[in-house]
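A.B. asks: Residues per chain are reported as follows:
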Amino acid sequence: MEIKDNFKEKRLFSNRTIVAAIMVFLMLIILIAQMFNLQILQYEKYRTRSVNNRLKIEPQPPRRGLIYDRDGVILADNTPSFQLTLIPEEVKNINDTTLRLRNIIEISDEEMERFEKLMKNLWRNNLHRFDHIPIKFQLTDNEVARFAINRHLFPGVYVKAHIARRYPLKEVASHIIGYVGRINEIELKTLDYFDYAGSTHVGKTGIEKYYEDVLHGTVGEIKVEKNVSGRYIRTIEETPPKPGNDIYLTINSTLQMEVEKAFGKYSGAVVAIEPSSGEILAMVSQPGYDLNLFVNGISSEKYKELQQDKMQPLFNRLTRGQYPPGSTTKPLVGLAGLYYGVIKPDDEVFCPGHYMLPNVSHKYRCWKKWGHGKVDLNHGIAQSCDVYFYDLSYKLGIDRMSTFLGRFGIGQKTGIDLPGEKTGILPSREWKKRVKNEPWFHGETLISGIGQGFTLTTPLQLAQATALIANRGKYVKPHLLKYHEDPATKNKVMPDLDTEGKDIEDVSNQDWNTIIQAMHDVVHGKRGTARKIGKDAPFTFAGKTGTAQVFGVKQDEEAKKTEELAFELRDHALFIAFAPIDKPKIAVAVIVEHGGGGSSVAAPVARIVLDQYLLGESNGTIE
Amino acid sequence: MELNSYSAPQQLKGTQIRQLSFIEKTLHLDTLLLFGLLLMSCIGLVVLYSSGNQNMGLIYKQLVRMGIAFIIMIAIARISPDTLLRWAPWFYGAGIILLIAVLIVGTKSKGAQRWLNFGLFRFQPSEIMKLAVPMMVSYYYSNKNLPPSFKQIVIGSLIILIPTGLIAKQPDLGTSLLIASSGFFAIYFAGISWRLLLTATGIFASAAPIFWTYFMHDYQKQRVLTFLDPEKDPRGAGYHIIQSQTAIGSGGTYGKGWLNGTQSQLDFLPERSTDFVFSAFSEEFGLMGVSILLLVYFLIIVRGLFIGTQAQNTFSRLLCGSLILTFFVYIFVNIGMVSGLLPVVGLPLPLVSYGGTSMVTIMAGFGMMMSIHTHRKLYSS
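Residue numbers (the working numbering), protein chains in the order written: chain A, 1 to 623; chain B, 1 to 381.
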C-alpha cells in the first residue's frame, strides 16, 4: 500500500473545493436569472394570470321592464317562481334524500333523470359540489308549503326563489306582447356577451322581441374573489344592475279583450287605429295562445298541439297574414278615378251583372248576378258594384291605379314596432315583370280594381289605409309604443315616429267628401251593403265591406252559397270602417277568415269595436 | 512522514485552531453553520404560517420536527469522525438489507413501494442511504492514496450503484439520483481526473435515450414531457408548473406581502407548504426575498465547503464535501423544478418545506459536518 501524501491530498481537495464553490455560485446565478426572468421580465404576464385566476366577475341580471296597456293595466310582469335545489356537499346520502323528497313533492321520472345526469356532469356544467343543483323547477304554492313544514328532514335541500316572466292576461294580445324564452345557441351568438351574461331569457316574439333593448336593462356585476375550486371568498366591488324601462302600449286592453271575445268560433284579425295619432287601440289575431306556456320552455306535445291546430293560434295574422283586400279597395280606386279625372262622381255605368273587355269573350262577373242597373260612383261603392269598378279600372289603367294605391301603403310595410312584418303585394307592370317575368294583361287590371287577383294586404295595411281616408290624407304612423319609462327616474321616452312627406295633400277636399259620403252610405244608405249594422247606430260612421275569395270560381260555374261550401273553402269576410265621420276617433279593419260575405260577419265585428270604443259597451259575439 | 520536515510549518498554519467557544467546545456545534440553519428554519416557519392558512397547529407540528432534527444534529455532532468512519460499513450494509426488505415486504403508497412499516411508524430506508452512501464512499477512499486509480473509481461507483439501483426500482427516481450524486461528489473530491469525469458525463448523456426507453416509467416520462411544454396540458400535468410560475412571477420585485399571496392563499398553488413552498415564498416576498433566501443558502454552503478544507483526514474531507454539495443539489433541484428549469421531481426545499423525514436526514448530515469541525486535533498526524 502506498503512503498517503496528506499535504498533496489536502491541496487536491482545496482545488476541488474551489471549483465546486464556483460551480455552486454559477448555478445559483442561473436560479437568480430565472427568478429575474419570471419576476421582472415576465412580471406583467404572470400578474395578469394571477389576477385572472382569483377575480371572477359575476353578472347580475337586470330586472326586465314591465309592459302595460295605455291605461296602466299590466300585460307582462315578473313574479317569483320557486325551484327545489340541493347542495351536494351538504347532503350525506343524495339517493336517500331524493327518494324521501319524492314522498312530499311530485318529482317526475324525467326530472329525476335530468337531475342525476346533472350530478354526474357537474364539472362539465360549470357547477361545483357547493352550488345549488336544481331538482325541480316551478314548485306549486302547495309544494313550497309542504316542503317548508318538512324542511328539517332535508338538510342541504333548499327552495330557491327566482324571478320569472308572467303574462297575467294569458292569451290576450298574445301576438302583440309576444313572449320571452330561454336564450338559445343562435341567440347566444348575436346577443351582447356582457349584457346578457346574467340573463337566461330573451324576447322571442312581439313587443318582447322588438323592444328587447328597452326592456332588458343593463347588467350589473359583482367582482368577487374566488379560490381555486371556485368557492366565494369575498366581494371586491359591486355595480348594481339597471332595470329595463317599463313599456306603455297604445293598446286599450278592455277593447282588446272585447274584440277577442267578439270573434267567437271564428279566426281572423282586427286592427283599430286612432286616426289622429296612429296609436293602435286594439290588435287582435284570433285565436291566440297562452303566452305563459313559452316562458319556461313549452313541452313538445303542447307545442305540437298548437302547431297542428287548424285554427293556427301561433300565426300572427295582423302583420304576417296576407289577404286579398277584396271590395275594401273600392273607395281607394274610386278616389283614384276622381284624382286622375277619369270619372266624375255622377258618371253612370250600366251593370248587367257582368263586364266584357273589347274584343275579348271573357265575362267578368259582378257579385250580383242580375246586375245593379245604372250605377254612379256613390252607388258603386255603397252597393259594391263590381262592374262599375271594372269599367273604372279599365279607364284608369294599372299604372295609375298601382301608383295611387301605393300612396295608401298597400303592398308596403307599415313600419309598425313589431318584428317580422310582411309586405303584401301591390301588383304593377314592374312587379309582374320582376316576379313572374310576364307582361301585364288588361284583365288583371280589372280584377285588381276589385281587390282580387294578385293584390295582398295585411290587416294592418288595410287599417292604415282606412285611417288615411278618415284623416283625409293626413298620414300617421301606426305604432304600439305609447312611451317607455325609466322606473327609477320616471323619465319618459316617446316613440320616434317618422311621418315626414307621406301625407296625401293633392287630393281635393271635394273628392274626399264624395268617397267618404259613399262609405257613409255603405252603412247608413238605403241600399248600402252594411246597412244592417248602421241602422241602429247612435253615431254616424263610414265603412266598406269586402269579400276575399279563398277559392277561385270557374268561368262557367255557378257561385255556390256560403253555407254549401266546406268551411275552409269559404271566402274571407272583410270590413273597414271609421267613426265618427267628421272627427274620426277610430279606424278599423276586420278580417274574419272563412266568414263568407263582408256584411254578414265582418261588419258586425267592426260594429262591436266601434260600440265598445265609442260607447264603452258592446254586445257579444258574432254567430 | 517523509515530507513532514518542510510541510510542518504550513500544516501547523493550516490546522491552527483558534480558541474554541463554548458552543464549539462543549456542544460540538459550529456557530456560523448553526446560525445559518436556525435562520433558514425561521424563514421556513414564517412561510409555513402563511402558506398553511395561518394554522398554528401546522406550526407546532413543524416546530416539533425541527426540534427532533436539531436534537439529532446535536447528538451526531458529539460523535467523533473516527467513530463515524468505523460505523460507515455497518451503516451501509444495514441500509442495503433494508432496501432489499422494502422491495420484498414494503408498503405501497401512491404507486411506489418505498416504506417499511414497523407498526408504530413508517420508515423509508432510502433516507439512511442519503448518509450511508457518502459515508461508505469516503470510508473506501479514506485509506487510499488519492487521486484514486481507475479500479478504485470503479469500486467506488459500484458502492453507489447498488443502492441507487435498488431505490430506482421502488421506483423513486428523485431519491436515487440524489443518492447517486452524493456518492459521486465523494469521488469528485477524492480527485477523479477531469478527463475521466468528462468521459463519464459523455457516456451518461449518450445513454439517456436507452435509459428513457427501458428504465423510465410512463409517469416519469410524462413529467419530463410536461416540463418541456407545460402549456400543452394546462389542466392536467402542466397545471402545477403553470400555477407555480404564476405565483413566482406575480410576486415581482418586492412580492405581494406576507399573508397576501393570492396564488397560495386561494389554493391555486398546489403543494404550497411542501414541495412548492419556494413559489409561495417568492409570491409574497418577491425577487428581494428570493435573493436573501439564496444568499443565506450560499453562506451555509460556503461554510460547509470551508469546513471541508479545514478537515484533518480524507474521510472527513470527502464526507463533508459530498454532504454539503448534496445539500445544494436539494436547493437547486427544488427551485429549478418550481420555476420551470427542471422537470417536476419530488424534492423538498431543505429546512423550509413542511415535512419531517428529509429534514432529519439533512440535519444529521449537518451534525456530521459539525462533528468534523469541532473534533479537530491541534496537530494532524
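Hints listed in this document are in silico derivations from the structure and should not be mistaken for laboratory results.
Model, not experiment: these values are computed from the prediction.
Please note that the accuracy of each hint is not assured.
Stated by the list, open to error - 25 Å max Cα-Cα, derived DMTMM-like pairs, lysine to aspartate or glutamate:
hint, chain 1, residue 1, chain 2, residue 2
1, A, Lys-45, B, Asp-229
2, A, Lys-209, A, Glu-348
3, A, Lys-56, B, Glu-24
4, B, Lys-144, A, Asp-5
A.B. asks: Of all the hints given earlier, name the ones this structure violates by number, lowest first.
C.D. replies: 2, 3
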